[in-house]
Amino acid sequence: MKHPPGILGSSPLRRDGLEKVTGAARYLDDLPAEGTWVGATVRSRHPHARIVSLRFDRTKAPADAVFVHAGDIDGVNGLQILDDRWPILASKEVHYVGEAVALVAAPTAEDALRAAAAVEVEYEQRPAVLDWEEAARNEPLYELALDEGRCEAILEAAANGDDGLILVEGEYFTGAQEHLYLETQAMLAEWVDGRLAVTGSMQCPYYVKNALQHVFSLGEDAVQVVGRYMGGAFGGKEDYPSLLAAHAALLARAARRPVRIVYDRHEDIVATTKRHPSHTRIRSAVKKDGTLVAARVDFDLDGGAYLGLSPVVLSRGILHATGPYRVPNVRIRGRVLRTDTPPSGAFRGFGAPQSQFAWERHMDRIGRRLGIDPLTLRRRNVLHPGDRLPTGQLMDASCGAAAALEEAARRGDFLRRWKKAEEDRRRDEPLGRGNRPVATGVGLSLAFHGAGFTGLGEHRMRSPVTVRLTAEGRLEILCAATEMGQGAVTVLPMLAADAAGLRIDDVLIHEPDTDVVPDSGPTVASRTTMVVGATAARAAHELVQRIVQWKEEQMGEAALRVEDSRLLGPGGEIGDFRELAREYLAAGQPDAVTVHNEPPPWQRFDEDSYHGSAYPTYSYQAQVIEVEVDTDTLQVRPTRAVAAAEVGKVLHEVQCRGQVEGGLLQAVGWALWEEMKRKDGQLLNDRMTTYIVPTFLDAPEMEVHLIEEPWEGPPHGAKGVGELPMDGPASAVCAAIENAVGIALDSIPATPERLLDHHIEAAQGGRR
Amino acid sequence: MKVHFILNGKAVEAEGRPTDRLLDVLRHVFHLTGAKEGCGEGECGACTVLLDGRTVLSCLVPLIQVDGRSVITVEGLAATEKGHAYLERFALKGGTQCGACTPGIVLSGAHLLQEHPHPSHREVAHALAGNICRCTGYQAIQRALSEEPEAVLDSTLLPAADAEREDGS
Ligand code: FES
Ligand code: FES
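Just so you know, the sequences run in chain order C and P. Under my numbering, think of the first position of the first sequence as 1, with each following residue one higher. Under my numbering, think of the first position of the second sequence as 769, with each following residue one higher.
Simulated from the structure, these hints should not be mistaken for lab results. We put the CB at the ideal spot given by N, CA and C, even for glycine. Do not take every clue at face value.
Said to hold, decoys possible - Derived Cβ-Cβ restraints for the label pairs, each shown as a range:
| hint | chain 1 | residue 1 | chain 2 | residue 2 | range |
| --- | --- | --- | --- | --- | --- |
| 1 | P | Arg785 | C | Asp193 | 57 to 65 angstroms |
| 2 | P | His894 | C | Lys419 | 53 to 61 angstroms |
| 3 | P | Gln833 | C | Asp64 | 44 to 52 angstroms |
| 4 | P | Gly836 | C | Glu653 | 43 to 51 angstroms |
| 5 | C | Glu653 | P | Gln833 | 38 to 46 angstroms |
| 6 | P | Val797 | C | Gly194 | 55 to 63 angstroms |
| 7 | P | Gly836 | C | Ala471 | 49 to 57 angstroms |
| 8 | C | Ala397 | P | His886 | 31 to 39 angstroms |
| 9 | C | Lys287 | P | His889 | 55 to 63 angstroms |
| 10 | C | Ala136 | P | Gln833 | 31 to 39 angstroms |
| 11 | P | Ser888 | C | Lys419 | 27 to 35 angstroms |
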């Protein structure tokens, strides 16, 4: 079937576009409230405590309010993610401020709050684990290792100055980050004749379904989960919605009516998962010309109180820990440490932004030490086709690392600006004494991102997607992919239409309803376009083929084909696809096709040794970020960002650009402003007034260049793009600050306080 | 108490407490759920509506304040021909992703375009500084507003009742 020209790479109006701009799109909280009750959560105020007693004082609560505690859970009081040790409701002990202890529901929000206030909990406080040092002394939640080559021996030689090698060591920190999706967590649950129906804001309807079956000991048929449009997610609605769904379902059962829980912003910030804070130590051996020879990386993540998704976050972090560079001898150790803070979870990038922040800052440290500029050093080590990753994976022809690096450097005029700022800064030393109220600097970074599930994840799932015919003769995609703003409901139909020879309007996509759609996997890991999209395309192609074959048999005519929704024969147009499809249906032919994702058979990965191809392909992004630093206050203003993203193939240009731009700003926010301040386990900035995300005025001017180096796989060589833009920018921001004012900060967020501390420390260290 | 006001060009009456938030009245009494609660404390702009032609945060406006005045929500903007064209173009340019900030953003944008039909980048950034968007990085919104075609740039972008009131205020 030939491709009608122009579907892919064009930018049709997004499917949900009109609904969203006109305010007609219904998010969970927009559903009519009639007949539903409102749920509220009673939460721990301590980071670690024993629950001595828990009591609901009915005399203080509205008459009909219902109350639920751990004892009311008759299945398993555990959230099924990788393990199930995260309690649905704390029963004996609490392990973070904000942990759910009890639930209440009442007819109105006001009543629910009154009911919550009628719950009395007595705690006995326990010592809490709240910092890295202490966490590191305890048993980690999880550990991983990767070894390739003779790392330690080489580092030893470098430490002794042998073999012309130089040892460069560094230590790097990144902080927690709040997703701050604009729509808070929201869920509605209802029991009808023993069957549980849940709908709400979630990335992964089947995760929620599995978790509910676990909590309530229900069979597969007894739970229906429907994902709605999400007002943003960024990973924050991968794990947590399962907990919220369990809460809403417990309350709905107790109240005998539908119950909704919609978090307010404060509650959402306090209680939900965050990006893992990280601590990375790197020891590396390099030649004088900057060639990387060996690296040992110790990568620790703060997992918070429970395991959650941490092992897979750690795994992805490790697999990206030396960036898109050739490092022949590598030894990586990763640990998830446990603290009495909210569980860390999925957040765009999933460990890769943390480990690549450290690695990119380390590259700058190496350059500084050797007197090699950041671009030259990266050019000398960047991955090219034919090189290998630390896992042994061979880079194929689609490795666009160098292309991204060169494009960003050229478009951002990096080297000239960088050198000029270096000179300006030297004239200005010591900082701020040279009459420069504002110093300008520019930073460069390069990062990559493996698309799809790590390792054999996709092989295990072999995600199914179904395509069926509607009565009017259109195609409909049935899959569990959810729409969080990234554009899945637009791109998947585009891919299917392209593969089937149809117009886009002839392909619909069903809402992710577990009663109807197969489990095509979670909407995470930059896998939706590449994995689910490619599978939907194959299913659509297959179904239209079958219809055409049937028609050929009917007509006794070969060589029919469908193009642009028209049925064509050797002599020209025979009819229109919808008519043909209706005829086919009327003849009682099977109306649906299900196909499974087929990961490339050559993709092998040993999950014990961490050798092989962890991902079938990688996307790459380099950026040049310019900042202005106030030399008195050390306030940083990012002014310009030039990014080059190598994404394989651009399918919907507007949406693709939107991912890169949005991710870039989230990364800049993480680098500069987004700090989660805790004292004694309490979050100090637990409101939007105090947790600062970038506004329009904070955003740098952006210039995004999309580069295409298609990989061999479907769809059309496109690679995942959702997380890529989060991976590199934070390091470029720090590099730009260093270029501007000479403060080489290796820990983010780069707040003025932290910059000043570092500056003073360095100045004192220099004097000693 | 009873409050009378013009909602999207039509005279309406709402029963409520004087301190009820306009946001809740719009969403729960009139079922206009375009305006969203992103924070409930004046920080995010998702609840933005126009009050007598000016942008306000409806989570901070008590019902009593709207008595005798004109309120326009995204639904009102969408109901005009020009408004609809403006919105469609906004979506086409990538101005919306998850959509939660969008009803507020497009109202702030419409208000800006009424006053500055050809806004500079700085003017756009300043006019929308109170509207947080976590998805787009603001660039596509910038493009959608600063590259507006002439066609939608006149006072009929917003419902008529509002235009009249603006003159009188
Ligand atoms: S809800 Fe009104 S400003 Fe956030
Ligand atoms: S489109 Fe999601 S917050 Fe703006």
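C-beta pair Glu653 (chain C), Gln833 (chain P): status relative to the range 38 to 46 angstroms that was hinted: 44 angstroms Cβ-Cβ, so the 38 to 46 angstroms window holds.
Taking the Cβ atom of Ala397 (chain C) and the Cβ atom of His886 (chain P), is their distance within the range 31 to 39 angstroms? 46 angstroms, violated
Per the hint of 55 to 63 angstroms, is the separation of the Cβ atoms of Lys287 (chain C) and His889 (chain P) within bounds? At roughly 46 angstroms between Cβ atoms, His889 (chain P) and Lys287 (chain C) fall outside 55 to 63 angstroms, so the hint is violated.
Is it true that the C-beta distance of Ala136 (chain C) to Gln833 (chain P) lies inside 31 to 39 angstroms, as the hint says? 55 angstroms, violated
Between Arg785 (chain P) and Asp193 (chain C), does the C-beta distance stay in 57 to 65 angstroms? 40 angstroms, violated
So the hint says 53 to 61 angstroms: do the beta-carbon atoms of His894 (chain P) and Lys419 (chain C) match that? Given a distance of about 34 angstroms, which is not inside 53 to 61 angstroms, the answer is violated.
Looking only at beta-carbon atoms, does the pair Ser888 (chain P), Lys419 (chain C) fall within the given range of 27 to 35 angstroms? 32 angstroms, holds
Between the beta carbons of Gly836 (chain P) and Ala471 (chain C), is the distance compatible with 49 to 57 angstroms? Since Gly836 (chain P) and Ala471 (chain C) have Cβ atoms about 52 angstroms apart, the given range 49 to 57 angstroms holds.
Range agreement (Cβ of Asp64 (chain C) with Cβ of Gln833 (chain P), hint 44 to 52 angstroms): 34 angstroms, violated
Would you say the C-beta atoms of Val797 (chain P) and Gly194 (chain C) sit inside 55 to 63 angstroms of each other? 36 angstroms, violated
Quick check on a hinted range of 43 to 51 angstroms for Gly836 (chain P) and Glu653 (chain C), using CB atoms only. Hint holds: Cβ distance 48 angstroms, inside 43 to 51 angstroms.
In terms of the numbered hints stated before, the structure departs from hints 1, 2, 3, 6, 8, 9 and 10, listed from lowest to highest.
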